[in-house]
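J.: These are the residues of each chain, in order.
2 protein chains.
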Amino acid sequence: MNPLIEQLKKYGYLSEKLQEEIAKRTQFFSKNKYEHLLREGQIMSSYFVISKGIIRSYFHANGKEVNSWFGEENEIFCSVLPLYKRRPSFENIQFLEDSELYILSVEDLDAIYQQFPEFNLIGRLLAEEVCIIMEERITSLHTEFAIERYHSLIKKQPKLLNRINLGHIASYLGITAETLSRIRR
Amino acid sequence: MNPLIEQLKKYGYLSEKLQEEIAKRTQFFSKNKYEHLLREGQIMSSYFVISKGIIRSYFHANGKEVNSWFGEENEIFCSVLPLYKRRPSFENIQFLEDSELYILSVEDLDAIYQQFPEFNLIGRLLAEEVCIIMEERITSLHTEFAIERYHSLIKKQPKLLNRINLGHIASYLGITAETLSRIRR
DNA sequence: CGCATATTTTGATGTACATCAAAAAAACGC
DNA sequence: GCGTTTTTTTGATGTACATCAAAATATGCG
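As given, the protein sequences belong to chains L and B, one line each in that order.
In this text, residue positions in the first sequence follow the numbering used here: the first is 1, and each later residue adds one.
In this text, residue positions in the second sequence follow the numbering used here: the first is 1, and each later residue adds one.
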């Protein structure tokens, strides 16, 4: 069982041969809490799925860490800028629990695109899905008050509250921990 | 000369046959200032390029119009939700000048994907590009003050200021026209 | 041109959220 | 289990931006 393949299958048909190729190239990692998968400035990139654990993506702005997203089990992720543009990441990806994950590096991904051009369909649908998610996030940041953004988040990722401290959540929402505390009361 | 094909070529090779097929399916429209290309609730969708004119995309939030983006000549655009998910649009696309544009409808696009599977590569790169642009917008809304967002905008679309009134710009920035006026001073 | 309308600016005041400080509560390590 | 560290809450005060009203300016149109 390869969780990456399971996730990719959600976007379309993968032939046996293609599945074998992906399986062959998939790397498995165990990581400890607070380790990093990616640090800003790196170009190393990949699609990946966490089979166990949780991650945050954060970057630095105005001298502070700002969380940009959280990742839970059985979703497919990537760092957009390195994967889609081969440009250095401005974000850091860090494990917030001891975690296990499956990675398909950008080099392996390219090789697969070469060998199985039909895989571009999956890649297209994946990127299109990311667009949808990002559009929601933009609208939320553009028009909602902090409390509405908070409710949107717990609606979309309800388990997050039990796994991640409120300081991290506040940072994702674009407010301080103090404000989040007052909002929740 | 088909401006849509010119834009698509930026993302990769298009065979003669593929270009012919796109050209055959491309529709040309002239539109007057204040006409709409798309209204919220509609599913009708497409990729399109404006050869002359300017557009804004806006939606309704808290009883007000909120501008989500502006489009100028010779860029390829779409409405993400209808095109990528076949879901009703929540945004409206309106011309702010008398305009001319070239459209490839979602039905024609699907037909092309069927007939030329290699076009999925272009579609993938296009969607990936949209992700990059959206990520920047998210970061801007997440961490910047209004004045910084203003400077980002005029850096990225410097001609906008001469073509669009400040109320529209303010709405895009997520502030009121009054605040924008004070910021500019 | 001259009047009507739309846009931009200015001023007074209100509100969402930030900052700083410190207490309270929870989690962690030995 | 107890002390240390981290997280969360509470309070006082500051700031970025909103709201409402109205004046100044620009634009559109017969």
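It is worth saying that the hints were derived from the structure and are not from the lab.
Careful: at least some of the hints might be erroneous.
Given that identical chains are not distinguished, each listed pair holds provided it fits within a single copy or across any two copies.
No more than 25 Å apart at the CA atoms, straight line, and that leaves these computed lysine to aspartate or glutamate pairs for DMTMM-like [said to hold, decoys possible]: (1) 156 with 75; (2) 85 with 144; (3) 24 with 136; (4) 31 with 65; (5) 155 with 107; (6) 155 with 110; (7) 10 with 118; (8) 52 with 72; (9) 31 with 178; (10) 85 with 21; (11) 155 with 129; (12) 52 with 144; (13) 159 with 136; (14) 33 with 148; (15) 64 with 21; (16) 33 with 100; (17) 10 with 75; (18) 9 with 100; (19) 10 with 20; (20) 17 with 108.
Only a predicted model underlies this, so the values are computations on that prediction, with no experimental measurement involved.
J.: Take the hints in turn and mark each one as holding or not.
T.: To see whether the hints hold, each was checked on the structure:
1. 156 with 75: within (13 Å within a copy, 33 Å between copies)
2. 85 with 144: between (30 Å within a copy, 23 Å between copies)
3. 24 with 136: Neither: 35 Å inside a copy, 34 Å across copies.
4. 31 with 65: Within. Shortest intra-copy distance 21 Å satisfies the 25 Å Cα cut-off; inter-copy 46 Å does not.
5. 155 with 107: neither (36 Å within a copy, 34 Å between copies)
6. 155 with 110: neither (36 Å within a copy, 33 Å between copies)
7. 10 with 118: Intra 15 Å, inter 21 Å, cutoff 25 Å: intra and inter.
8. 52 with 72: Intra 8 Å, inter 45 Å, cutoff 25 Å: intra-copy only.
9. 31 with 178: Answer is neither; intra-copy 31 Å and inter-copy 51 Å both fail.
10. 85 with 21: So residue 85 and residue 21 pass the 25 Å test inside one copy only (24 Å; across, 29 Å).
11. 155 with 129: For residue 155 and residue 129, only the intra-copy Cα distance (19 Å) is at most 25 Å; the inter-copy one is 28 Å.
12. 52 with 144: neither (32 Å within a copy, 34 Å between copies)
13. 159 with 136: Within one copy, since 20 Å is at most 25 Å while 27 Å is not.
14. 33 with 148: neither (30 Å within a copy, 35 Å between copies)
15. 64 with 21: neither (41 Å within a copy, 51 Å between copies)
16. 33 with 100: Classified as within; 11 Å inside a copy, 55 Å across copies.
17. 10 with 75: within (11 Å within a copy, 31 Å between copies)
18. 9 with 100: within (20 Å within a copy, 41 Å between copies)
19. 10 with 20: within (17 Å within a copy, 33 Å between copies)
20. 17 with 108: within (15 Å within a copy, 31 Å between copies)
Violated hints, listed in ascending order, are 3, 5, 6, 9, 12, 14, 15; each of the other numbered hints is respected by the structure.
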